[in-house]
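**Student:** From first to last, the protein sequence lines are chains H and F.
Just so it is clear: in the first sequence, position 283 is 269 by the working numbering, and no numbers are missing.
The working numbering runs 48 ahead of the 1-based position in the second sequence.
If you're looking for bench data, these hints aren't it; they were derived computationally from the structure.
Source: prediction; values computed, not measured.
Note that beta-carbon positions come from the ideal geometry of N, C-alpha and C, so glycine has one too.
One or more of the hints may lead you astray.
Said to hold, decoys possible - Calculated lysine-lysine pairs in the PhoX-like style (CA-CA distance at most 25 Å, straight line): (1) K697(F) x K394(F); (2) K426(F) x K140(H); (3) K607(F) x K544(F); (4) K697(F) x K293(F); (5) K394(F) x K544(F); (6) K113(F) x K29(H); (7) K697(F) x K429(F); (8) K21(H) x K113(F); (9) K670(F) x K251(F).
As the list claims (entries may be wrong) - Away from chain H, derived, C-beta distances all over 12 Å, residues of chain F: (10) Q150; (11) A224; (12) R321; (13) K429; (14) R477; (15) A493; (16) V495; (17) N501; (18) P508; (19) V522; (20) N528; (21) K670; (22) R695.
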Amino acid sequence: MEPLNWFEIITRVFIQFIPVWVALVVVFTLSMVYKRRLGLYGKLFDSTIGMIGFALVMFWVFTGIFGAMDLIITHDPLSQVSGMKNKAPGTPLAGAEEGYYPYYLFGGDNLARDVFSRMVKGAWVVVQIAPMATVFAFMVGITLGLPAGYYGGKLDTFLSFLANLILAFPVILLFYLLVTPEIVDTGIPNYMAMVLFIFPIIFVGVLLNSRYRTQPKVRTPMLIVVLGIMGWLYLSLISQPGTALKLLPDAVDLFNLQGGILVVFVSVVFVNSPTVFRIVRGLTMDIKTRDYVAAAQTRGERPWYIMLWEILPNARGPLIVDFCLRIGYTTILLGTLGFFGLGLPPESPDWGTTINDGRRLLQVYLHPAIVPAVALLSMVLGLNLLADGLREESLRD
Amino acid sequence: MTDDYDGPILEIESLSISFFTRLREIPAVMDFSVKVMPGEAVGLVGESGCGKSTVALGVMQDLGKNGRVVGGSIKFKGRDLNTMSQEELRQIRGSEIAMIYQEPMASLNPAMKIGRQLMEVPMIHRGSSEKEAYDRALQVVTDVKLPDPKRILDAYPHQLSGGQQQRIVIAMALMAEPSLLILDEPTTALDVTVEAAVVELVKELGKKYGTSMLFISHNLGLVLETCDRLCVMYSGEAVETGSIKDVFDEMQHPYTQALFRSIPLPGADKNARPLRAIPGNFPLPHERPPGCNFGPRCDYFEAGRCDATDIRMAEVPGNDRHRTRCLRFQEIDWQAPMEAGDTTLKSEPGRVVLKMDNLKKYYEVAANALFGKRGDTKVVKANETLSFEARESETLAIVGESGCGKSTFAKVLMGLETATDGQILLDNRNIESTPIEARDTQTIADVQMVFQNPFDTLNPSMTVGRQIIRALEVFGIGTNDAERRERMLQLLDLVKLPRAFADRMPRQLSGGQKQRVGIARAFAGNARIVVADEPVSALDVSVQAAVTDLLMEIQREQKTTLLFISHDLSIVRYLSDRVMVMYLGHVVELGTTDQVFAPPYHPYTEALLSAVPIADTRVTKKHIVLEGDIPSAMNPPSGCPFQTRCRWKSQVPGGLCEKDVPPVRQLGDGHQVKCHLSDEQLASMEPVIQIAAE
Ligand SMILES: Nc1ncnc2c1ncn2[C@@H]1O[C@H](COP(=O)(O)OP(=O)(O)O)[C@@H](O)[C@H]1O
Ligand code: SF4
Ligand code: SF4
Ligand SMILES: [Mg+2]
Chain H
-13 MEPLNWFEII TRVFIQFIPV WVALVVVFTL SMVYKRRLGL YGKLFDSTIG
37 MIGFALVMFW VFTGIFGAMD LIITHDPLSQ VSGMKNKAPG TPLAGAEEGY
87 YPYYLFGGDN LARDVFSRMV KGAWVVVQIA PMATVFAFMV GITLGLPAGY
137 YGGKLDTFLS FLANLILAFP VILLFYLLVT PEIVDTGIPN YMAMVLFIFP
187 IIFVGVLLNS RYRTQPKVRT PMLIVVLGIM GWLYLSLISQ PGTALKLLPD
237 AVDLFNLQGG ILVVFVSVVF VNSPTVFRIV RGLTMDIKTR DYVAAAQTRG
287 ERPWYIMLWE ILPNARGPLI VDFCLRIGYT TILLGTLGFF GLGLPPESPD
337 WGTTINDGRR LLQVYLHPAI VPAVALLSMV LGLNLLADGL REESLRD
Chain F
49 MTDDYDGPIL EIESLSISFF TRLREIPAVM DFSVKVMPGE AVGLVGESGC
99 GKSTVALGVM QDLGKNGRVV GGSIKFKGRD LNTMSQEELR QIRGSEIAMI
149 YQEPMASLNP AMKIGRQLME VPMIHRGSSE KEAYDRALQV VTDVKLPDPK
199 RILDAYPHQL SGGQQQRIVI AMALMAEPSL LILDEPTTAL DVTVEAAVVE
249 LVKELGKKYG TSMLFISHNL GLVLETCDRL CVMYSGEAVE TGSIKDVFDE
299 MQHPYTQALF RSIPLPGADK NARPLRAIPG NFPLPHERPP GCNFGPRCDY
349 FEAGRCDATD IRMAEVPGND RHRTRCLRFQ EIDWQAPMEA GDTTLKSEPG
399 RVVLKMDNLK KYYEVAANAL FGKRGDTKVV KANETLSFEA RESETLAIVG
449 ESGCGKSTFA KVLMGLETAT DGQILLDNRN IESTPIEARD TQTIADVQMV
499 FQNPFDTLNP SMTVGRQIIR ALEVFGIGTN DAERRERMLQ LLDLVKLPRA
549 FADRMPRQLS GGQKQRVGIA RAFAGNARIV VADEPVSALD VSVQAAVTDL
599 LMEIQREQKT TLLFISHDLS IVRYLSDRVM VMYLGHVVEL GTTDQVFAPP
649 YHPYTEALLS AVPIADTRVT KKHIVLEGDI PSAMNPPSGC PFQTRCRWKS
699 QVPGGLCEKD VPPVRQLGDG HQVKCHLSDE QLASMEPVIQ IAAE
């Protein structure tokens, strides 16, 4: 068979992505039709920048989802096909059997794996980890930023100092330290995980308690159920067989993260939460002077109710924008980590690791590195444009 | 330049301005005409959103990205501004038309010394030398009566008080000797006594320089004091224009009439002669009714006629350039007395529910925030020996300007702060040192507050109903959600809001409606004492009347004690039973409303009364302008707190005013003042406000 020319490659890639196109068209049509009823999300569709950003982000989100369902990929991302090592894009599979996709659309990598399928599978890793890690960073930043801004004084001085200390620490060095086997053996990453991951529980617990304080009959059962489930998830998450923290017997340990992913999570949360902390703290200091906060105080509301129900919802605009930006940073950070071979396992298809793999032969074979690099770039660009669009639209009217 | 031009300075004809949003075109101003002659001051009054500022921005040709003049002409000295090039406009804007905004800091560069900012004006527009510019700057700063002009020129804007900043902005506008000065609510952000001084200054300078003025305000009293002619706007249109005398005394438009009937002029009384609020709401620019915009709220509306066609301005025969936009103005009997509203019986104050005894609140602040050593603190005396009693179903007004300690007092009463000394007795229980966390639910529910800023009083991300239900939950009212929801709907009825509002978000409500929700929330736990902190000062006049009446009505029904904090003496006179005047943390005068509003006065009360603009041509006021600003509470003057601005000080022998804090003097019948003046001197005071006999 002849190798494909560029036009054919593009056509075939386009066809592979058909589920994504369909999903995008559906989302955009529905959103455009109902945009007046969808609040800030709907307003996004008035801004060209915002729409482009949203489309880019959703492209990768759908790619991730469908890829995880094995829809878009042409080959197994881990299987190696002999003779396809470092082959150029569009190379036909030598002696392809029936039922196999006959081409490596974006060529083969150093280990003769399909670059296209790895990129698609990598999207799933990125789309899962980056937002989750960012959510955790927000939980920590919010839970500490609210009281710092609300009470001020010594608490604020102390927490702000801590935040600045962490921000002053070189990120990459921190990662290197965290993944060094000696340090992993001491269990420091696990202990950090223990501390950082407890914040979502505190957050949700305080949120519900403050809201239902006046109705103990509703509150107590609700808290028991929610905190019970979260506590179980928490213990499953932090307890790892074979590490310093072995809290749960295997029978009730719901899941174990691959060691690398836990470290990635811990590091990302650790370096992102101080910035979130500072934003939340500033917004809180501003909003706490509003009359509705005074009104809540004069009817005897407890401080945490005021912070979580009166202040936080009104700080959401800037926080949503920052959330988008921060997913972008985190994606780059994951890429950087992968590039240095830190964190995720070496065969992981995530973009950072793939770029690192392709780097060694970059001067000879460009495609194994350039494909994930473009993917990373377009996703981060999309997130930044989305954040810009949201910022612009939330300021209008 | 046509400096010998003697026609109108500004001539706006059939001006229409629209804003274009992505949803629709918003016609902000329609068919608007006004003429400003040389040396004339024209007032532009109307409620917020009626298009006053848009007219001003239209004249400045500064309508932003989405605003456009869609019809008519704006002629400045005979030349149409709409057709001028950017270059010509820039030339005119800097040197011939100047504008002063509500917020002084909006016009000042915070990073540049005052002197530099002032000197730039002639240096850029006239190419003056540095020396000339400096002399001119010194000259205008002296003209705007700022103390120590040299020092001021060397200061940064943030080192000055709000009143001083506004004077600098005026000085800056005058640097170029413009022929037209546009003032958009120039004193709204200032205290009354400072406002009076600034207005006085503007008037004086207008005369001195022969500047024409377009004075935008929502305050009819202020317009009466400053302008020769006025133009009343409603919903994007001018509805009546004419000379002050014609419009105030022979108004020819139902809206103007309704406006005057809704403001508390001397003589109005909450029981015998209640105010009449204008029914209904201001229409949004895209929801204007057909025909007359005022139709749905007009008492004289005639179906089939008023809503048939657009209505043009018509000349009122016999008067000088007096025009009105009403079809029926010649049929209406303008002399007919206002039909009396529901008069009510004066409610008798009951037993004492709240007693303050020598209450003191001092704050300790670090004298130097950055390098403050321990113990190196300053004491701010926010409240100094406050003593008074408040009875059931009584309205006690607390009057004073910014920094007088009103808010601190409210905080201590609510339990957000604890008192430094003295006591607060609620039903004979001491609560002065119980912070709010330690108060029981009943005490908290009993003492509630209504806040000043309607745009800030409700949580923007919670529905109206939810916010009221939350208060009910906290106060332990109702056993389940259904009961509380029912009670919440009743509370909406109480404040005369439709029940459908329960599911609305605050941003969907107008200012007055939000304030009503705030009132409903305060009364959720059947409050017995309500502190209302300037509850209507941020609302439009026509809405003020409605909200005030609502508050009075609820008070009458529930026998609430109302502590009404305000700086607006007109409304205080209208609704309060007793008045307490505060200055820099001291109670300087306390008495019944009649006692406080009639001589003998405390010298500060006298000045305050003189400063409040009254929209009635029959009223003559004694002219007392206070020098300077209110001293900072951080650094109060020695002796009498008012001594830096008091015009009676010289009458007290031996410099006593500067040495000793005056004692509280009883003048009989519970009337007390804090002043060194002798009984004879007090007795010699003349009334400040006099109403000419009809
Ligand atoms: N930039 C703008 N975009 C859209 N609508 C505007 C804009 N500026 C003013 N408006 C609308 O024009 C009307 C008149 O406003 P304005 O001139 O500010 O009134 P006023 O000064 O009398 O309070 C209002 O309904 C307001 O909402
Ligand atoms: S035209 Fe009719 S509705 Fe309009 S103000 Fe006159 S009487 Fe009232
Ligand atoms: S004590 Fe003296 S300074 Fe104070 S108000 Fe009386 S006269 Fe004026
Ligand atoms: Mg305005």
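**Student:** Does each hint fit the structure? Answer for all of them.
**Tutor:** We went through each hint and held it up to the structure:
{"no.": "1", "hint": "K697(F) x K394(F)", "verdict": "39 Å, violated"}
{"no.": "2", "hint": "K426(F) x K140(H)", "verdict": "20 Å, holds"}
{"no.": "3", "hint": "K607(F) x K544(F)", "verdict": "19 Å, holds"}
{"no.": "4", "hint": "K697(F) x K293(F)", "verdict": "38 Å, violated"}
{"no.": "5", "hint": "K394(F) x K544(F)", "verdict": "23 Å, holds"}
{"no.": "6", "hint": "K113(F) x K29(H)", "verdict": "19 Å, holds"}
{"no.": "7", "hint": "K697(F) x K429(F)", "verdict": "23 Å, holds"}
{"no.": "8", "hint": "K21(H) x K113(F)", "verdict": "24 Å, holds"}
{"no.": "9", "hint": "K670(F) x K251(F)", "verdict": "17 Å, holds"}
{"no.": "10", "hint": "Q150", "verdict": "20 Å, holds"}
{"no.": "11", "hint": "A224", "verdict": "34 Å, holds"}
{"no.": "12", "hint": "R321", "verdict": "32 Å, holds"}
{"no.": "13", "hint": "K429", "verdict": "23 Å, holds"}
{"no.": "14", "hint": "R477", "verdict": "17 Å, holds"}
{"no.": "15", "hint": "A493", "verdict": "8 Å, violated"}
{"no.": "16", "hint": "V495", "verdict": "8 Å, violated"}
{"no.": "17", "hint": "N501", "verdict": "6 Å, violated"}
{"no.": "18", "hint": "P508", "verdict": "6 Å, violated"}
{"no.": "19", "hint": "V522", "verdict": "5 Å, violated"}
{"no.": "20", "hint": "N528", "verdict": "9 Å, violated"}
{"no.": "21", "hint": "K670", "verdict": "37 Å, holds"}
{"no.": "22", "hint": "R695", "verdict": "37 Å, holds"}
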